[in-house]
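S.K.: Below are the chains, spelled out letter by letter.
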Amino acid sequence: MDYFILLSVSGIAIGVIYGLIGMGYALIFKATSVVNFAQGEVMMLISYMAFSIASSWALPFWGLLAVCVVLSGVVGLVIERVFIRPMLGQEVFSTVMVTIGLAVMIRAVVVMIWGADPLVLPTDIGDSGVEFGIVFLYTSQLYAIGLLALCVFCMWAFLRFSRMGVAMRATAARETTALLMGINVTRVYSLAWAIAAVIAGISGVLLGTIYGLGPDMWHQGLRAFPAVILGGLDSVFGAAISGIFIGLLENLSEGYIGRGLKEISGFLVILVVLMIRPYGLFGTPEIERV
Amino acid sequence: MLTVNNVQIVYDNVIEAVRDASLTVEQGKIVTLLGSNGAGKSTILKGISGVLYPEDGDIIGGTMTFGGKNLIGRKPDEIVRSGIVMVPEGRQLFEPLTVEENLMMGGITRSRSAAADALDYVFTIFPRVKEKRNTVSGYLSGGEQQMVAIGRALMSRPRLLMLDEPSLGLAPQIITEIFGAVTDLVKESNVAVLLVEQNAELALSIASYGYIIENGRVVMDGTPEKLLSNEDVKEFYLGFSESGHRRNMRDVKHYKRRKRWLS
Chain V
52 MDYFILLSVS
62 GIAIGVIYGL
72 IGMGYALIFK
82 ATSVVNFAQG
92 EVMMLISYMA
102 FSIASSWALP
112 FWGLLAVCVV
122 LSGVVGLVIE
132 RVFIRPMLGQ
142 EVFSTVMVTI
152 GLAVMIRAVV
162 VMIWGADPLV
172 LPTDIGDSGV
182 EFGIVFLYTS
192 QLYAIGLLAL
202 CVFCMWAFLR
212 FSRMGVAMRA
222 TAARETTALL
232 MGINVTRVYS
242 LAWAIAAVIA
252 GISGVLLGTI
262 YGLGPDMWHQ
272 GLRAFPAVIL
282 GGLDSVFGAA
292 ISGIFIGLLE
302 NLSEGYIGRG
312 LKEISGFLVI
322 LVVLMIRPYG
332 LFGTPEIERV
Chain A
-16 MLTVNNVQIV
-6 YDNVIEAVRD
4 ASLTVEQGKI
14 VTLLGSNGAG
24 KSTILKGISG
34 VLYPEDGDII
44 GGTMTFGGKN
54 LIGRKPDEIV
64 RSGIVMVPEG
74 RQLFEPLTVE
84 ENLMMGGITR
94 SRSAAADALD
104 YVFTIFPRVK
114 EKRNTVSGYL
124 SGGEQQMVAI
134 GRALMSRPRL
144 LMLDEPSLGL
154 APQIITEIFG
164 AVTDLVKESN
174 VAVLLVEQNA
184 ELALSIASYG
194 YIIENGRVVM
204 DGTPEKLLSN
214 EDVKEFYLGF
224 SESGHRRNMR
234 DVKHYKRRKR
244 WLS
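Chains as they are written, first to last, in my numbering: chain V, 52 to 341; chain A, -16 to 246.
Keep in mind that the hints were calculated from the coordinates and are not lab data. For clarity, every value in this text was computed on a predicted model and none was experimentally measured. Each statement offered as a hint is correct.
Label pairs and their in silico Cβ distance ranges:
| # | chain 1 | residue 1 | chain 2 | residue 2 | range |
| --- | --- | --- | --- | --- | --- |
| 1 | A | Tyr36 | V | Arg214 | 17 to 27 Å |
| 2 | V | Leu325 | A | Val(-3) | 35 to 45 Å |
| 3 | V | Thr237 | A | Asp103 | 27 to 37 Å |
| 4 | A | Tyr122 | V | Thr237 | 26 to 36 Å |
| 5 | A | Asp167 | V | Met326 | 45 to 55 Å |
Partial list, computed: chain A residues near chain V (C-beta under 8 Å):
| # | residue |
| --- | --- |
| 6 | Asp60 |
| 7 | Val63 |
| 8 | Pro71 |
| 9 | Gln75 |
| 10 | Phe77 |
| 11 | Pro79 |
| 12 | Met88 |
| 13 | Thr92 |
Partial chain A-side listing against chain V, Cβ under 10 Å, derived:
| # | residue |
| --- | --- |
| 14 | Lys29 |
| 15 | Ile62 |
| 16 | Val68 |
| 17 | Met69 |
| 18 | Leu76 |
| 19 | Leu80 |
| 20 | Gly89 |
| 21 | Gly121 |
| 22 | Ala132 |
| 23 | Ala136 |
| 24 | Met138 |
Positions of the beta carbon are idealized from the N, C-alpha and C atoms, including for glycine.
Chain V extracted, bound-state conformation (with noise of 0.2 Å):
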């Protein structure tokens, strides 16, 4: 039973991770209908930023947070403006290749600049950690895990009651409808674009601060991917959800089945998931009148 719990408790604190890339995935898809590729190394440039940042400056966790936050709206924004908005009026999947070609980018960038070396990033709230039982949690899991609840809350507050929020939505319904009610379509795109790099920033710092800096980091981008196709790539709340069981799923595999299953195992439910919700668990299936 020990065993189980500290697996699943592991398993929750890298899902609350993978909720977060995720939902980045699904704001993106949802407003402009592109698979960002390009998210899991958006997250590890911002918190390779991050590091430089709490490197320069002793700064604590909220503050260097806060600074991440809103230098990750920024490369968003640069991201949307200088590499996706020429591509708007081209099929999608041209896009979704840019975003491709982006990721590899970055990734170069991201080892021209800091090298290929494993860093440490700095923050005030290190190994501190909170002990429940046999279960002993890092403050850093625990914000995240509460960093997760609040974006959540926060998308879902912002898409159901703004108007920009419910702007994206209907853009995201009927593109040439939008326009013709005067919703300015590439200022909904570029938020889309922001929203998704500050969530991607977040879980980047947490991730520094959780396991640490290396050139392999964007591999959680790769690996949160389920999580999004398990919640339907449509659906913010859906990815939250998804990352969670993913990361549950890909612990206990691994404890009880064996190694090697953490990778693929996520993979292999989606598979599973798809033939019987191909629009995931909690993905909108278009609505149809007869």
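Guided by the hints, dock chain A onto chain V, whose structure is given.
M.R.: Relative to the frame of chain V, chain A by itself:
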């Protein structure tokens, strides 16, 4: 108020959809554009709204002004702000959104409080829409969807409302209701309406002026009385032969020969 002068529209730089189209719409009047499928009616409306570019369409000649200001090359949201709004063919609601969210999106170019006022205004015009305000719009009936689509356009409090085939796929009773609402609207709030229709008889019954478009050009225009008394209009758009009886389909070749007039 709206003046379209010799406008030429092409798709993909080569396919000419509209040639030398000229029309005017005055304040408080209903003007109708008639024509068969593919004549270029919807293309003209899209050109006015500035939404040709997602389909690779472009206005390559002519002028378009609204209240004296140029419309060509302006962004769709600027055009909505200037007072022109379009109800697209086939309703095109934001299906996953509720009725109220759909309406609020129609008012996105206006301030929050102005949009809230406009919402009440739309609810007084279409009381049935108010009952369904929290329903996901994709599940409404066709008639209700059309009311939401028109209501959504009215949220921007336009001076010119463009309707693209509002009668499409609706029951006659609903059509009467919707056309009644549109004529009331014109009487009460002095908006202009540019109505694109396939159903010529219906459109000419409420319009004060009509244009007939064929192969991308305006081939005839005039008051409903003039158009209705024209033998060709009677024959090709209303389906009556010269003697006032329904056409015998055996003479369909005659149709092709006659239809070349003016082109």
